[in-house]
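Number of protein chains: 2
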Amino acid sequence: MEDVKEPSKSALKKAEKQAKFDKAKLEKKAKQLPIVGAASKGAASSKTSDIIGITASKEHDFPQWYQEVVLKSELIEYYTEISGFFILRPASMYIWNVIRKWFQAKIEELGVEEASFPMFLSAKSLEKEKDHVEGFAPELAWVTKAGDKDLEVPVAVRPTSEAVMYPYYSKWIRSHRDLPLRLNQWNSVVRWEAKQTTPFLRAREFLWQEGHTAHLTEELAGEEVLQILEFYAGVYEELLAVPVVRGKKTEAEKFAGGYYTTTVEGYIPSNGRGIQGATSHCLGQNFSKMFDITVEDPAEKGKHINVWQNSWGLSTRVIGVMVMIHGDDKGLVLPPRISKIQAIFIPVGLTAKMTAEEKAAHLKRVDELYETLKKAGVRSDIDTREGYTPAWKFNDWELKGVPLRIEFGPKDASNEVISYARRDTGEKGTIPISQMTTEVPALLEKIQADMYNKAEAAFRAHRIKITQWEDVTPALDAKNVVIIPSCLQIACEDKIKELTTGRADESTDTPEAAKAPSMGMKSLCIPFEQPEGLVKGETKCLNPECQNLAESWCMYGRSY
Amino acid sequence: MEDVKEPSKSALKKAEKQAKFDKAKLEKKAKQLPIVGAASKGAASSKTSDIIGITASKEHDFPQWYQEVVLKSELIEYYTEISGFFILRPASMYIWNVIRKWFQAKIEELGVEEASFPMFLSAKSLEKEKDHVEGFAPELAWVTKAGDKDLEVPVAVRPTSEAVMYPYYSKWIRSHRDLPLRLNQWNSVVRWEAKQTTPFLRAREFLWQEGHTAHLTEELAGEEVLQILEFYAGVYEELLAVPVVRGKKTEAEKFAGGYYTTTVEGYIPSNGRGIQGATSHCLGQNFSKMFDITVEDPAEKGKHINVWQNSWGLSTRVIGVMVMIHGDDKGLVLPPRISKIQAIFIPVGLTAKMTAEEKAAHLKRVDELYETLKKAGVRSDIDTREGYTPAWKFNDWELKGVPLRIEFGPKDASNEVISYARRDTGEKGTIPISQMTTEVPALLEKIQADMYNKAEAAFRAHRIKITQWEDVTPALDAKNVVIIPSCLQIACEDKIKELTTGRADESTDTPEAAKAPSMGMKSLCIPFEQPEGLVKGETKCLNPECQNLAESWCMYGRSY
Numbered sequence: 001m002e003d004v005k006e007p008s009k010s011a012l013k014k015a016e017k018q019a020k021f022d023k024a025k026l027e028k029k030a031k032q033l034p035i036v037g038a039a040s041k042g043a044a045s046s047k048t049s050d051i052i053g054i055t056a057s058k059e060h061d062f063p064q065w066y067q068e069v070v071l072k073s074e075l076i077e078y079y080t081e082i083s084g085f086f087i088l089r090p091a092s093m094y095i096w097n098v099i100r101k102w103f104q105a106k107i108e109e110l111g112v113e114e115a116s117f118p119m120f121l122s123a124k125s126l127e128k129e130k131d132h133v134e135g136f137a138p139e140l141a142w143v144t145k146a147g148d149k150d151l152e153v154p155v156a157v158r159p160t161s162e163a164v165m166y167p168y169y170s171k172w173i174r175s176h177r178d179l180p181l182r183l184n185q186w187n188s189v190v191r192w193e194a195k196q197t198t199p200f201l202r203a204r205e206f207l208w209q210e211g212h213t214a215h216l217t218e219e220l221a222g223e224e225v226l227q228i229l230e231f232y233a234g235v236y237e238e239l240l241a242v243p244v245v246r247g248k249k250t251e252a253e254k255f256a257g258g259y260y261t262t263t264v265e266g267y268i269p270s271n272g273r274g275i276q277g278a279t280s281h282c283l284g285q286n287f288s289k290m291f292d293i294t295v296e297d298p299a300e301k302g303k304h305i306n307v308w309q310n311s312w313g314l315s316t317r318v319i320g321v322m323v324m325i326h327g328d329d330k331g332l333v334l335p336p337r338i339s340k341i342q343a344i345f346i347p348v349g350l351t352a353k354m355t356a357e358e359k360a361a362h363l364k365r366v367d368e369l370y371e372t373l374k375k376a377g378v379r380s381d382i383d384t385r386e387g388y389t390p391a392w393k394f395n396d397w398e399l400k401g402v403p404l405r406i407e408f409g410p411k412d413a414s415n416e417v418i419s420y421a422r423r424d425t426g427e428k429g430t431i432p433i434s435q436m437t438t439e440v441p442a443l444l445e446k447i448q449a450d451m452y453n454k455a456e457a458a459f460r461a462h463r464i465k466i467t468q469w470e471d472v473t474p475a476l477d478a479k480n481v482v483i484i485p486s487c488l489q490i491a492c493e494d495k496i497k498e499l500t501t502g503r504a505d506e507s508t509d510t511p512e513a514a515k516a517p518s519m520g521m522k523s524l525c526i527p528f529e530q531p532e533g534l535v536k537g538e539t540k541c542l543n544p545e546c547q548n549l550a551e552s553w554c555m556y557g558r559s560y
Numbered sequence: 001m002e003d004v005k006e007p008s009k010s011a012l013k014k015a016e017k018q019a020k021f022d023k024a025k026l027e028k029k030a031k032q033l034p035i036v037g038a039a040s041k042g043a044a045s046s047k048t049s050d051i052i053g054i055t056a057s058k059e060h061d062f063p064q065w066y067q068e069v070v071l072k073s074e075l076i077e078y079y080t081e082i083s084g085f086f087i088l089r090p091a092s093m094y095i096w097n098v099i100r101k102w103f104q105a106k107i108e109e110l111g112v113e114e115a116s117f118p119m120f121l122s123a124k125s126l127e128k129e130k131d132h133v134e135g136f137a138p139e140l141a142w143v144t145k146a147g148d149k150d151l152e153v154p155v156a157v158r159p160t161s162e163a164v165m166y167p168y169y170s171k172w173i174r175s176h177r178d179l180p181l182r183l184n185q186w187n188s189v190v191r192w193e194a195k196q197t198t199p200f201l202r203a204r205e206f207l208w209q210e211g212h213t214a215h216l217t218e219e220l221a222g223e224e225v226l227q228i229l230e231f232y233a234g235v236y237e238e239l240l241a242v243p244v245v246r247g248k249k250t251e252a253e254k255f256a257g258g259y260y261t262t263t264v265e266g267y268i269p270s271n272g273r274g275i276q277g278a279t280s281h282c283l284g285q286n287f288s289k290m291f292d293i294t295v296e297d298p299a300e301k302g303k304h305i306n307v308w309q310n311s312w313g314l315s316t317r318v319i320g321v322m323v324m325i326h327g328d329d330k331g332l333v334l335p336p337r338i339s340k341i342q343a344i345f346i347p348v349g350l351t352a353k354m355t356a357e358e359k360a361a362h363l364k365r366v367d368e369l370y371e372t373l374k375k376a377g378v379r380s381d382i383d384t385r386e387g388y389t390p391a392w393k394f395n396d397w398e399l400k401g402v403p404l405r406i407e408f409g410p411k412d413a414s415n416e417v418i419s420y421a422r423r424d425t426g427e428k429g430t431i432p433i434s435q436m437t438t439e440v441p442a443l444l445e446k447i448q449a450d451m452y453n454k455a456e457a458a459f460r461a462h463r464i465k466i467t468q469w470e471d472v473t474p475a476l477d478a479k480n481v482v483i484i485p486s487c488l489q490i491a492c493e494d495k496i497k498e499l500t501t502g503r504a505d506e507s508t509d510t511p512e513a514a515k516a517p518s519m520g521m522k523s524l525c526i527p528f529e530q531p532e533g534l535v536k537g538e539t540k541c542l543n544p545e546c547q548n549l550a551e552s553w554c555m556y557g558r559s560y
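Line by line, the protein sequences give chains A and B.
At position 371 of the first sequence the residue is numbered 371 (our numbering), and the sequence of numbers has no breaks.
At position 168 of the second sequence the residue is numbered 168 (our numbering), and the sequence of numbers has no breaks.
Any given hint might turn out to be false.
Each pair may be met inside one copy or between any two copies, as identical chains are not told apart.
Stated by the list, open to error - EDC-like, lysine to aspartate or glutamate: derived pairs with alpha carbons at most 20 Å apart:
| id | residue 1 | residue 2 |
| --- | --- | --- |
| 1 | 454 | 297 |
| 2 | 101 | 114 |
| 3 | 374 | 109 |
| 4 | 101 | 113 |
| 5 | 522 | 108 |
| 6 | 130 | 59 |
| 7 | 248 | 477 |
| 8 | 330 | 77 |
| 9 | 128 | 148 |
In short, the hints are calculated from the structure, not lab data.
Let's have the full structure, built from the sequences with the hints guiding it.
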């Protein structure tokens, strides 16, 4: 397992060294400084290293940029003790909890209940569904010892809980009256990836929710699959301001052991890659046959039918997609709806000429404004840290992605306005204090909408319908995903991947850069919204080495 | 590990057999029955086995009673795949989520933020604090393989996260300005117990929250320890209607590697045992020294001080304590504040003489009442299942612990009242429909208060101050916990345990029964509220083989 490439290792080492250097330097500096007040010295010593900000450019070194942003905005800490694991810091957990509450309310309305199953899985249960075990076996973490004793039978940490839960579905479902059975759990799962890990996007342990439901008919199961998929789209579009394409996975890409998989697919403009957003699977009757989950057919006495099952999951990956899409060279850019702090007040213009009383009066005024906005339901905070310039504070809150900065100086006070700066566009303006409690919420909603629209336009512009094979690679190289006529066959898809895989470019010195240009494309989904122009029985599959007719338009791309 | 005694095994087998038998019998029966409508037949077939209800008596076979209650009320399912693990079903998760929301709001107010650390722990980190590793090593689950490859360095599943988190506290805390650092996570931990497991009370994996905080001074840390302890007491007293005694653990019973441990201790009247409710630890500077968590002293330039740390945790054990205290021979009894359904409407008095129209009109009326109460904020439901008698439904909802049953028949309708039955006391009465939306909430609050007061009286009556050694064992045998003058020394406590351990009674045939009477007592806590009568420097430690003077009153008991 130790062959895992951690692209972040060198960057991480550098960052850690820098931090240690800063700490040492600052401590040294602190000792040399005249004592100007213990409090402000302490503050400076703890914070100066953050001034460094993001050093990598999103455009020119996207992987490095991403690592710096998630680290420096304090979303993530690398768990250096064990490779491939990450710590989610409060800034991440806030976002995840907003998503959790939103999604939880939606599924509760559907009648989904919460449960908690053990994290361990017996090999016996896992092996019941052949494709399923094959799909997950290479990534299973095995507990073989407890204390200093070997376990008689090793147990695996769940990579997903189908095989944990379904023996009990068999026990609990004894009549069609027990259907639908819909359970969800919020937990973490472990997939000991051999591939390189990336914060949020691919980690060996990640937080998610996993819903597992059983229905009487294929139709009822299918209806729920799409309801849930729409909620997943809602998490991206309504909360994270991230556009997605809804569709179905091809046979090659569907869930191991399932019947069909629906998905929401995102797009990262910076490198033109597609990224799977979240998946809602219809498992069909595969698992119910293996786990013996049957009811008597209410329409035909004595006839037993296997239930129809779904499983669906959304993980903390969503946060990574959001960061990649909205962030910029100053750091994180958070959509207002998921930002813990939506508006940060920063007192400005406190000059040396002002008396202590004047300063205190001004600060009191800012504090009142902040309290007013907070009471109006805007998640606000005020930065009154001493020993920092306003400019330093601006940088700090920009790095952390706060959507709206509100500056308030003596000049603003005399004009009875607040001055603001939008994090997403940098646009500045003023709002009369008298209209603050309505204008600020409206502005935050505008920021949310603008962020979505910008990302949506970028995705739309880079989702290109292609009908000539020779256009494919140039389109990918121009950071597009492509929509092509496809026969949807597994062998054809394998071939397409092979045909589009370029030679590794050995001239660059980072593995990421060397790999990206040579990556083959794979199918992302069969979009539910099919473009015009494909004639069934006539249009050929685009793959030049495939003789089949096209079944539908399929979205392909280089991908995460 | 296979020497673990699972007291529930035989009972479980029996229950499973019974279930299979029921299923087979019912299926057979279903085939013989005349078709009276597929729906009602299906319902009967799925539910009849539940009628069996609780077969064991709480008074005469408490362990068996407990197992039946948690299983049949659908709080728990035994995870038969791997011994010592349990499935928390929706009825449990509802309760846990009420507690979670309540506690989360309290700690957010204190400024505690949420984080999520990996579930795995490197041996290197764990070994940093000697007592800590010794305390947990025997129960660690070790992952040694991923896929089919051996890990170069095995990793343990966290039994608690001190050693996971504190390397990062060292990194993040760089100045006293970074203090207090307060993080909490909601997760599950694994302690591969060799002792017998019991649903909720002792499981090899359990859900909990673990808070980990760092402070500048002992005083600030100590203040938080008590704030959190009071929240824990609140979970028991305000939500679960369970009285607790607040106190400090003795040296023998404190957290491994900590400085001191505070605790809320509960009491199970049925067997007279004490049970640890939840603990809030001051870790002192032990961990900060081992993990190098220091700041410069704001009061003295150049002087580095180790931070003062706390950790505190509350687990799903709370649910088990609540079940044991309030349940009865009919099943679960839930305090209204944590019950998903607070009032269940059951239409009654629908006789064969009534016309279909009359029945429909009556059912419509009940439905309106239920909707009215629901809108008034009472968590209500209505049981209109066909094919069941009202008596069967009464039993079913009693088994599940719903606090208030509301019956409504034609007679109630003509009197403009609803009839109710309290789950806790069985008391019946009527409420005018016109006053329903105020009287029912008031009644629910009364039930909550009565349940607490009853349990509190029982605990108070069985917490006995003892000053003669020869009174100890009779008091324990009479299902009391005792409060005795103690020197608080570890060796003395060991001796007391030894002296109070009786011979195993081999005449009974269940391990539980054989063990209970012979169990020695251990210290539960040094109550914060100390009784009168102990004179420092005069009063002797009660242990007849101890020569020390008493330090304080200490609560001892047979315990979980």
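Each hint, compared with the structure:
1. For a Cα distance limit of 20 Å, the shortest separation of residue 454 from residue 297 qualifies neither inside one copy, at 51 Å, nor across copies, at 49 Å.
2. In this homomeric assembly, residue 101 and residue 114 come within 20 Å of each other (Cα to Cα) both inside a single copy, at 13 Å, and across copies, at 15 Å.
3. Taking the shortest Cα distances, residue 374 and residue 109 sit within 20 Å of each other only across copies (15 Å), while inside one copy they are farther apart (30 Å).
4. Taking CA atoms no more than 20 Å apart as the test, residue 101 paired with residue 113 passes in both settings, with 14 Å inside one copy and 17 Å between copies.
5. In this homomeric assembly, residue 522 and residue 108 never come within 20 Å of each other (Cα to Cα): the closest approach is 35 Å inside a single copy and 45 Å across copies.
6. For a Cα distance limit of 20 Å, the shortest separation of residue 130 from residue 59 qualifies neither inside one copy, at 44 Å, nor across copies, at 49 Å.
7. Proximity of residue 248 to residue 477 under the C-alpha cut-off of 20 Å is found in neither arrangement, the shortest distances being 25 Å within a copy and 67 Å between copies.
8. For the identical chains of this complex, residue 330 and residue 77 are intra-copy neighbours only, at 19 Å inside a copy versus 51 Å across copies, given an alpha-carbon limit of 20 Å.
9. For a Cα distance limit of 20 Å, the shortest separation of residue 128 from residue 148 across copies, 19 Å, qualifies, whereas the shortest one inside one copy, 30 Å, does not.
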